[in-house]
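**Q** Here the sequence shown is numbered in full-length UniProt numbering, starting from 1 and rising by one per residue.
The set of hints was computed from the structure by calculation and includes no laboratory data.
Predicted model only: the values in this text are computed from it and were never measured.
Beta carbons: idealized from backbone N, C-alpha and C, even for Gly.
Don't take every hint at face value.
[Claimed, not checked] Subject to a maximum C-alpha distance of 30 angstroms in a straight line, what follows is the list of computed BS3-like cross-link-like pairs (lysine-lysine):
1. Lys140 with Lys29
2. Lys41 with Lys137
3. Lys36 with Lys97
4. Lys70 with Lys93
[Stated by the list, open to error] The calculated label-pair distances, taken between Cβ atoms and stated as ranges, are:
5. Arg99 with Gly68: 16 to 22 angstroms
6. Pro96 with Lys29: 17 to 23 angstroms
7. Leu112 with Asn67: 25 to 31 angstroms
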Amino acid sequence: MSEIGVEGVYPSFEEFHVLAVDDNFVDRKIIERLFKISSCKVTVVESGQRALQFLGLDDENSTAECNGMKVHLIITDYSMPGMTGYQLLNKIKESPKFREVPVAIMSSENILTRIHRCLEEGAEEYLLKPVKLADVKRLKDLAIRGRSNRVKGTRSSTTSHIHEISGRSSPSAKDINPIILSYPCASPKSPCISKHSRLHSTSSNYHSELSLH
Numbered sequence: 001m002s003e004i005g006v007e008g009v010y011p012s013f014e015e016f017h018v019l020a021v022d023d024n025f026v027d028r029k030i031i032e033r034l035f036k037i038s039s040c041k042v043t044v045v046e047s048g049q050r051a052l053q054f055l056g057l058d059d060e061n062s063t064a065e066c067n068g069m070k071v072h073l074i075i076t077d078y079s080m081p082g083m084t085g086y087q088l089l090n091k092i093k094e095s096p097k098f099r100e101v102p103v104a105i106m107s108s109e110n111i112l113t114r115i116h117r118c119l120e121e122g123a124e125e126y127l128l129k130p131v132k133l134a135d136v137k138r139l140k141d142l143a144i145r146g147r148s149n150r151v152k153g154t155r156s157s158t159t160s161h162i163h164e165i166s167g168r169s170s171p172s173a174k175d176i177n178p179i180i181l182s183y184p185c186a187s188p189k190s191p192c193i194s195k196h197s198r199l200h201s202t203s204s205n206y207h208s209e210l211s212l213h
């Protein structure tokens, strides 16, 4: 019997593997560093197309470059030339092999329709740059708990508590139901939004806070 590692989900010999996608060199280095600090193996690529090639989802090259390595989390920038993070998200969620892998979208722009679209398509979270170490640790924990639920044959509820992420995460998309925005964090202008968030304040508070951005 193999020794069990993180929360009884990953064997001790299996590193938590993150695929990070960003066309900006500096942002790639930041993400890589943060996940390595969090004891993760990190593969960084510069475009959505390169990510598809790595996963073996590229139409022109069906051979995966990951060579049998499992990918436990994918984090991608939204605005990239050639293929946006949203388009990459679509491709991943269409894949029987990778559709259960959590995908987080990061962006320097707080655009409500964009947030709504990404969460509706299945993104785990939408983060405002710069991504912080607290964000990375929470994303890793979400992925591990999601894997644990699948191993047990159960699924997480699509709503749970809101998380503070160092005052950098974006508000929810307008009219995402049943999500209504609240600010239990120290920095009310920048709550974290994920498809797991349960938010409790009024929509009037939501719009008044948005005006502060």
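**Q** Each hint: holds or not?
**A** Status of each hint after checking the structure:
| no. | hint | result |
| --- | --- | --- |
| 1 | Lys140 with Lys29 | 18 angstroms, holds |
| 2 | Lys41 with Lys137 | 13 angstroms, holds |
| 3 | Lys36 with Lys97 | 25 angstroms, holds |
| 4 | Lys70 with Lys93 | 16 angstroms, holds |
| 5 | Arg99 with Gly68: 16 to 22 angstroms | 19 angstroms, holds |
| 6 | Pro96 with Lys29: 17 to 23 angstroms | 33 angstroms, violated |
| 7 | Leu112 with Asn67: 25 to 31 angstroms | 40 angstroms, violated |
Hint check: violations occur at hints 6 and 7; the rest are consistent with the structure.
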